[in-house]
Amino acid sequence: MNAMFGSETIRIFLVIAGGVLLFAGTAIAILKWVLKKNADHAWHAFRGWLVMIPLVVGAILLGRVATIVFFGIVALVGFTEFARATGLYRDWLVTGLVYAGIVGLAIVTLISPPDDPAKIGWYGMFMALPVYVVAGVLLAPILRDRTKGQLQVVALAMVGFVYIGWMFGHLAFLADGRNAAGYILFLLFSVPLCDVAAFTFGKMFGRHRMRPNISPNKTWEGSFGAFAVGMALPWVFRFALPGFGTRELLLAGVIVGLGSQLGDLSISVIKRDIGIKDMGTLIEGHGGVLDRIDSLIYVAPLFFHMTRFFVGLE
Amino acid sequence: MESWDYRPTADFDKSPIEKLRMFPRQPDMLVYALRFVVHLWLRVYLRVWHRYRVIGRERLPLDRPFVMVANHASHLDALSLLSALPLKRIQKSYPAAAKDYFFTSMPKIAFSAVVVNAMPFDRKENPRDSLALCRQLLETPQHILILFPEGTRTADGALATFKPGIGFLTAGTNLTVVPCHLDGAFRAWPKGAFIPRPRKLTLRIGEPMTFASFNPDKEGAKAIAARLEEVVRGLAS
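Those protein sequences? They're chains A and B, same order as listed. If you read the first sequence in this note's numbering, its first letter stands for residue 1, the second for the next number, and so on. If you read the second sequence in this note's numbering, its first letter stands for residue 1001, the second for the next number, and so on.
Source of the hints: derived by calculation from the structure; they are not laboratory data. For clarity, every value in this text was computed on a predicted model and none was experimentally measured. Glycine included, C-beta positions come from ideal geometry on N, C-alpha and C. Misleading hints may appear alongside valid ones.
Some chain A residues flagged as far from chain B (calculated, every beta-carbon gap over 12 Å) [said to hold, decoys possible]: (1) 17; (2) 20; (3) 87; (4) 99; (5) 232; (6) 288.
Here are the simulated SDA-like cross-link-like pairs (lysine to any residue), alpha carbons at most 25 Å apart as the crow flies [said to hold, decoys possible]: (7) B:1019 with A:51; (8) A:277 with B:1089; (9) A:148 with B:1008; (10) A:37 with A:189; (11) B:1019 with A:27; (12) B:1200 with B:1152; (13) B:1191 with B:1141; (14) B:1019 with A:199; (15) B:1092 with A:119; (16) A:32 with A:148; (17) B:1014 with A:41; (18) A:119 with A:199; (19) B:1092 with B:1161; (20) B:1108 with A:284; (21) B:1088 with A:119; (22) B:1191 with B:1212; (23) A:32 with A:52; (24) A:203 with A:189; (25) A:277 with B:1088; (26) B:1092 with A:52; (27) B:1014 with A:119.
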């Protein structure tokens, strides 16, 4: 099981990551110092990647437990950003309940089901946990005999837990599967590549704005470009997806190509409604953790269940 | 349908270090948790390494906001005073710390904000604004302010003259002041020593005082400072 974490797949991804970083770094350096263009934005984003990639790859190389703990921490930080942005953070009880729920997700991902110690990861409880957290969150106003603003608190907590904790948590649960590193690295690589494709195609051919209220810079041209790249990526990374036939590769392409854009837009809706630009300041050149994982949150559970249904994870 | 009322925290777009530097700091559960754990261990350390003893703990007026004033001999002082308070109150207790010393570099800011929960006190350029901040802080129930009216650590172990700031803060008000004397801190960790030595620490807590009858002017403030200095001196012997 842990052998997957030291496999050939990882080595190929490491080479790709190193190559992309080297290429991007050189390109930005040429823009900045040789052509004297203003590449500050790209430079900051690049430095952000220089920190993020070693952290993620390091966690995956360390194995299953480190990977699950790492994604658990990312979910906690992401939810904190969400709670601070929406004002939910002022309610320490409900915020604490969601924190406990996210920690609970990490725990059931780590342990085996009590009735079947041979399995890794308590899948049944992972799927059932939203029930308990939602029930617990609904209990908070009742225990305190409060009504004012409670629908907002309860609803924000549910979105926070189900969307940022649980849906994103599927990425960590992939670590319990047979081809853990392959699936996780496929998602971690292809989703940002789709974002880059949307940006690049939009810059080059963008004419028609897609959703001017939500994200004024996104265009239909960029979106189609990203979708096309997303459809191609499963074939490019086919070595990481053993057991995937044409049907699964097509589905994975649709999920990555569409899902990454929808995830991006979903967080943008929240940001525009609150009236903020970024969800945080933690990652240089990227904003907050949520700004970086927005697409992954949407893609991870869809990919998880598609793979589980058609290929099987264990 | 009316739109919801989102209110992002006041430090929302600040970087982590800026968040710690600003005051009043916004609630941060990670900081609260870290502070709690550190203080748990700090209490063990003080008990074991310094045989720390608190005399007169029952005099603390925990039902209202108050100011603790004490002599200042070492970096252990603020931590010792915090350790005399109930553990659940450390999140609401703020030692005033020199802005020009404790809020200058990243590690110092992180330590002052997370562990000490320090209030940055501008003793050089804007002591008036800092006193106003103290006043504002003490309007919240359960808040505790820790002040060292000497303004700096003693160089020779002797008690220096109290500065009148504490007088301006309390003259003509019902604000409660608790005079304290920490004994042994100068021997344990004098200015310039690298690490604390295992010397005995004893904190004596005096009777709470108020200064409603004093005039809120320079004379009144000086009189209060002198009075408190006398009481702290008395606790020492």
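Keeping to a limit of 25 Å between CA atoms, is the pair of residue 32 of chain A and residue 148 of chain A held or broken? violated, 54 Å
Residue 1200 of chain B paired with residue 1152 of chain B [C-alpha distance capped at 25 Å]: holds, 22 Å
Is it true that the CA of residue 1019 of chain B sits at most 25 Å from the CA of residue 51 of chain A? holds, 21 Å
Holds or violated: are the alpha carbons of residue 148 of chain A and residue 1008 of chain B at most 25 Å from each other? Given that 25 Å is the threshold and the Cα spacing comes to 18 Å, the pair holds.
For a C-alpha distance cap of 25 Å, please report whether residue 1092 of chain B and residue 1161 of chain B respect it. This hinted pair is violated, its Cα atoms lying about 28 Å apart.
Given hint residue 199 of chain A paired with residue 119 of chain A - CA-CA distance at most 25 Å: violated, 42 Å
Would you say residue 288 of chain A is clear of chain B, with no C-beta pair closer than or equal to 12 Å? violated, 10 Å
Has the given pair, residue 1092 of chain B with residue 52 of chain A, been kept, meaning a C-alpha gap of at most 25 Å? Between residue 1092 of chain B and residue 52 of chain A the Cα gap is close to 35 Å, so the pair fails against 25 Å, i.e. violated.
Residue 1191 of chain B and residue 1212 of chain B: Cα distance at most 25 Å? violated, 36 Å
Any Cβ of chain B at or closer than 12 Å to residue 232 of chain A, or is the non-interface label fine? Given that every Cβ of chain B is farther than 12 Å from that of residue 232 of chain A, nearest at about 37 Å, it holds.
Against the 25 Å threshold, does the CA-CA distance of residue 277 of chain A and residue 1089 of chain B hold or violate the hint? Not OK: residue 277 of chain A and residue 1089 of chain B at ~36 Å, beyond 25 Å, violated.
So if I understand the rule, the pair passes when the alpha-carbon distance is 25 Å or less; does residue 1019 of chain B with residue 199 of chain A pass? Violated, at about 32 Å.
Checked against the numbered hints listed earlier, the structure breaks hints 3, 4, 6, 8, 10, 11, 13, 14, 15, 16, 18, 19, 21, 22, 25, 26 and 27; every other hint is satisfied.
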